[in-house]
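Participant: In case you want the letters, here they are:
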Amino acid sequence: MSVNEPKLSVPSQEALPPLSIGLWQHKHVLDLDDFSPDEINLVFEIADAMSEVISRDVKKVPTLRGKTIATMFFEPSTRTRASFELAAKYLSADTISLDPSKSSVTKGESLIDSLRTLQALGVDTIIIRHPCSGAPYVAAQNLETSIINAGDGCHAHPSQSLLDMYTLRRHLGDLSGRKIVIVGDIMHSRVARSNIWGMKSLGIQLIICAPPTLMPHGLNEMLQKCDLEHVTIEYDLDIAIKDADAVMPLRLQKERQQSGLISSIREYIQHYQLTPERLSYAKPGAIVLHPGPMNEGIEISHEVAYSTQSLIEEQVTNGVAVRMALLYLIAGGKNR
Amino acid sequence: MPEKVLLNSADIERALVRVAHEIVERNKGAINIVFVGIKTRGVPLAQRLAKIIHDMEKVETPVGSLDITLYRDDVSSLSFKHVVQQSYVPFDISGKHVILVDDVFYTGRSIRAALDALMDLGRAETIQLAVLIDRGHRELPIRADFVGKNIPTARNEEIKVYISEVDAVDKVTVMKPGAGGSDERE
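So the protein lines, in turn, are chains A and B.
Its first residue numbered 109, the first sequence is counted upward by one per residue in this note's numbering.
Its first residue numbered 5, the second sequence is counted upward by one per residue in this note's numbering.
If you are wondering where the hints come from, they were derived from the structure by calculation, not from laboratory data.
Watch out, some of these pointers could steer you wrong.
Unchecked claim - Pairs of lysine to aspartate or glutamate residues, derived as EDC-like cross-links and limited to a Cα-Cα distance of at most 20 Å, are as follows:
| no. | chain 1 | residue 1 | chain 2 | residue 2 |
| --- | --- | --- | --- | --- |
| 1 | B | Lys32 | B | Glu61 |
| 2 | A | Lys135 | A | Glu153 |
| 3 | A | Lys168 | B | Asp77 |
| 4 | A | Lys167 | B | Asp77 |
| 5 | A | Lys391 | A | Asp351 |
| 6 | B | Lys180 | B | Glu7 |
| 7 | A | Lys308 | A | Glu337 |
| 8 | A | Lys135 | A | Asp146 |
| 9 | A | Lys308 | A | Asp346 |
| 10 | B | Lys55 | B | Glu169 |
| 11 | A | Lys308 | A | Glu363 |
| 12 | A | Lys308 | A | Glu342 |
| 13 | A | Lys350 | A | Glu363 |
| 14 | A | Lys197 | B | Asp120 |
| 15 | B | Lys55 | B | Asp15 |
| 16 | A | Lys197 | A | Asp207 |
| 17 | A | Lys308 | A | Asp282 |
| 18 | B | Lys153 | B | Asp15 |
| 19 | A | Lys308 | A | Glu183 |
| 20 | A | Lys287 | A | Asp353 |
| 21 | A | Lys167 | B | Asp124 |
| 22 | A | Lys168 | A | Asp156 |
| 23 | A | Lys167 | B | Asp120 |
| 24 | A | Lys197 | B | Asp124 |
| 25 | A | Lys287 | A | Asp335 |
| 26 | B | Lys153 | B | Glu17 |
| 27 | A | Lys362 | A | Asp146 |
| 28 | A | Lys168 | B | Asp124 |
| 29 | A | Lys168 | B | Asp120 |
| 30 | A | Lys362 | A | Glu375 |
| 31 | A | Lys197 | B | Asp77 |
| 32 | A | Lys167 | B | Asp96 |
| 33 | A | Lys168 | B | Asp96 |
Stated by the list, open to error - From the derived model, a few chain A residues whose C-beta atoms are all more than 10 Å from chain B:
| no. | residue |
| --- | --- |
| 34 | Asp156 |
| 35 | Arg187 |
| 36 | Asp202 |
| 37 | Ile220 |
Model, not experiment: these values are computed from the prediction.
The C-beta atom is built at its ideal place from N, Cα and C for all residues, glycine as well.
Just chain A, same shape as in the assembly (with noise of 0.2 Å):
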């Protein structure tokens, strides 16, 4: 044997995870809340090969070739259904992109109707948002083909939260015990509430925090009721930054002023905006994520907002690696 050992390019095999696809229950991503931590880690452990795929000059496999994905946004949205489409064209299968109000549903043709002729038409993968809570549910009820729920009402917003959580993973290793909050509207959040149910999964200390008018009602109930240890409510925000890993703030969306729930954005931002000073009461280096659109000057100021904690950029990356797991996932479903 040589005394210069060759320098492998390609570091020693590890003991690769326990995970096999065969974990992969679902026909549809609807929420988190029936998603077992080995199903969130295999959603993990693929959207990682796919960051390799991205991240390569030409970001193209052959892998859903053939198939079809169809997204209807029945809201407005900039990065997730971006994000989506990519995604999907990344894997080389083939878009549409339905806008509902130049589509039938303007000659009142129900969702359900709508969603039937993407069927019918030979879609494979539905991908929907709406704004009225569980309506991806009604629709994989009546429907063969899958569907992802890009966000329902105040409901939920699975793609978001695992890739949240996917970007912390990147960043913290581990998960488990974790300290996270989230801040801001959570009354109104899709987004919290997938990540009430992921972060349970993963064993995510999560700390809720929001002006009591903008808390939903009956949190405390809810979270009894359905063991959701992991969730600590605070109304205070300096309180609840305390020592946490990461904190997450939500966009205050201006309308909830009109209708009474905060007494000014001056007195919401006095409070609630995350500020140099504020991020210094976290743990050093905590991460700062958010679900966007951001308002700068509101729930965040602008000089955290950029700087070297944030990682709201990286989010939106991580976010097609997400989504191409998802619909890797989900493109044999239909054969189940």
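Fit chain B to the given chain A structure using the hints.
Facilitator: Frame of chain A, contents of chain B only:
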């Protein structure tokens, strides 16, 4: 019928040493050669070939690993049972002689997928295929350039390759039908 050992650790080593010599001979040296192993067991085999060549020629050849799951042609069929793993080819393959390494050469479908994957990574000068075992039964017009051992098999036999980096032991076995499971990918 139980597992029958076809190659032991020393046999595998001898086959790899011969293949390494053939690779160097065919390419007139080891300059400009890179190895890409197909996951899982092609990767340690590629690393061993690179090491043998290093000891022989004092040239370091980079080794990458390729996961071909995204390039398979059976994604939506029932046998779709693969977790995608990360490929890791941290060097440019353009203008290089790429030696693609796999453990068992069977239908040729994995190699077809690997060729597509390599094309996406750059324009290699040549791509050459090195396999530890060629068991026949090709379904595509693909051949190997370097073969550790030709083993004529029946389709219903199962060839299993154990590599110590992955399986804690080096051996190649054949199993008659019904004698147990196999994780062979093809």
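Participant: A separate judgement is required for each hint: does it hold in the structure or not?
Facilitator: Do the hints match the structure? See the list:
Between Lys32/B and Glu61/B the alpha-carbon distance is near 11 Å, which keeps this suggested pair within the 20 Å criterion. With a CA separation close to 19 Å, the supplied pair Lys135/A and Glu153/A stays within the 20 Å bound. A threshold of 20 Å between alpha carbons decides the hint, and for Lys168/A with Asp77/B the separation of about 15 Å falls inside it, so the pair holds. Between the alpha carbons of Lys167/A and Asp77/B the distance comes to roughly 19 Å, so the proposed pair stays at or under 20 Å and holds.
Proposed proximity of Lys391/A and Asp351/A is supported: the alpha carbons are some 5 Å apart, at most 20 Å. Of the pairs offered as hints, the one joining Lys180/B and Glu7/B holds, with about 8 Å between alpha carbons and a cut-off of 20 Å not exceeded. Simply put, Lys308/A and Glu337/A have alpha-carbon atoms about 8 Å apart, close enough for the 20 Å limit, and the pair holds. Distance check on the hinted pair: Lys135/A and Asp146/A sit about 16 Å apart at the alpha-carbon level, within 20 Å; holds.
Taking the CA atoms of Lys308/A and Asp346/A, the gap is near 24 Å; set against the 20 Å cutoff, the hint is violated. For the given pair, Lys55/B sits about 14 Å from Glu169/B by alpha-carbon distance, which is consistent with the 20 Å threshold. Proposed proximity of Lys308/A and Glu363/A is contradicted: the alpha carbons are some 31 Å apart, above 20 Å. Of the supplied pair hints, the one linking Lys308/A and Glu342/A holds, its CA atoms being roughly 18 Å apart against a limit of 20 Å.
Straight-line distance between C-alpha atoms of Lys350/A and Glu363/A comes to about 30 Å, which puts the hinted pair past the 20 Å bound. Between Lys197/A and Asp120/B, the direct Cα distance comes to roughly 17 Å. Compliance with the 20 Å bound is thereby established for this hinted pair. A C-alpha spacing of about 17 Å is found between Lys55/B and Asp15/B, which places the hinted pair at or below 20 Å, so the restraint holds. A distance of roughly 18 Å separates the Cα atoms of Lys197/A and Asp207/A; the hinted pair therefore holds under the 20 Å criterion.
Of the pairs offered as hints, the one joining Lys308/A and Asp282/A holds, with about 14 Å between alpha carbons and a cut-off of 20 Å not exceeded. Restraint check for Lys153/B and Asp15/B: satisfied, since their Cα atoms lie roughly 9 Å apart, inside the 20 Å limit. With a C-alpha separation of about 28 Å, the suggested pairing of Lys308/A with Glu183/A is violated against the 20 Å cut-off. Between Lys287/A and Asp353/A the CA atoms are separated by roughly 5 Å; this keeps the pair inside 20 Å, and the hint holds.
The hinted pair formed by Lys167/A and Asp124/B meets the criterion: a straight-line CA distance of about 8 Å does not exceed 20 Å. A C-alpha spacing of about 15 Å is found between Lys168/A and Asp156/A, which places the hinted pair at or below 20 Å, so the restraint holds. Restraint check for Lys167/A and Asp120/B: the C-alpha separation of about 13 Å stays at or below 20 Å, so the hint holds. This hinted pair checks out: Lys197/A and Asp124/B have alpha carbons roughly 15 Å apart, not beyond 20 Å.
Distance check on the hinted pair: Lys287/A and Asp335/A sit about 18 Å apart at the alpha-carbon level, within 20 Å; holds. With a CA separation close to 12 Å, the supplied pair Lys153/B and Glu17/B stays within the 20 Å bound. Under the criterion of a C-alpha separation no larger than 20 Å, the hint pairing Lys362/A with Asp146/A is inconsistent with the structure, at around 39 Å. Our distance criterion of 20 Å between C-alpha atoms is met by Lys168/A and Asp124/B, whose separation comes to about 8 Å.
Of the pairs offered as hints, the one joining Lys168/A and Asp120/B holds, with about 11 Å between alpha carbons and a cut-off of 20 Å not exceeded. Only pairs whose Cα atoms come within 20 Å are accepted, and Lys362/A paired with Glu375/A is accepted, the gap being roughly 13 Å. Among the hinted pairs, Lys197/A with Asp77/B is consistent with the structure: their alpha-carbon atoms are about 17 Å apart, no more than 20 Å. For the proposed pair Lys167/A and Asp96/B, the alpha carbon gap of about 16 Å is at most 20 Å, so the pair holds.
In summary, the hint linking Lys168/A to Asp96/B is supported, as the alpha carbons are separated by about 17 Å, within the 20 Å threshold. Consistency note on Asp156/A: stated as away from chain B, yet its beta-carbon is not over 10 Å from all of that chain's, at 5 Å minimum. The beta carbon of Arg187/A is kept farther than 10 Å from every beta carbon of chain B, the shortest such distance being approximately 24 Å. Every CB of chain B lies more than 10 Å from the CB of Asp202/A, the least distance being 14 Å, so the non-interface label holds.
No Cβ of chain B comes within 10 Å of the Cβ of Ile220/A; the nearest lies about 25 Å off, and the non-interface call holds.
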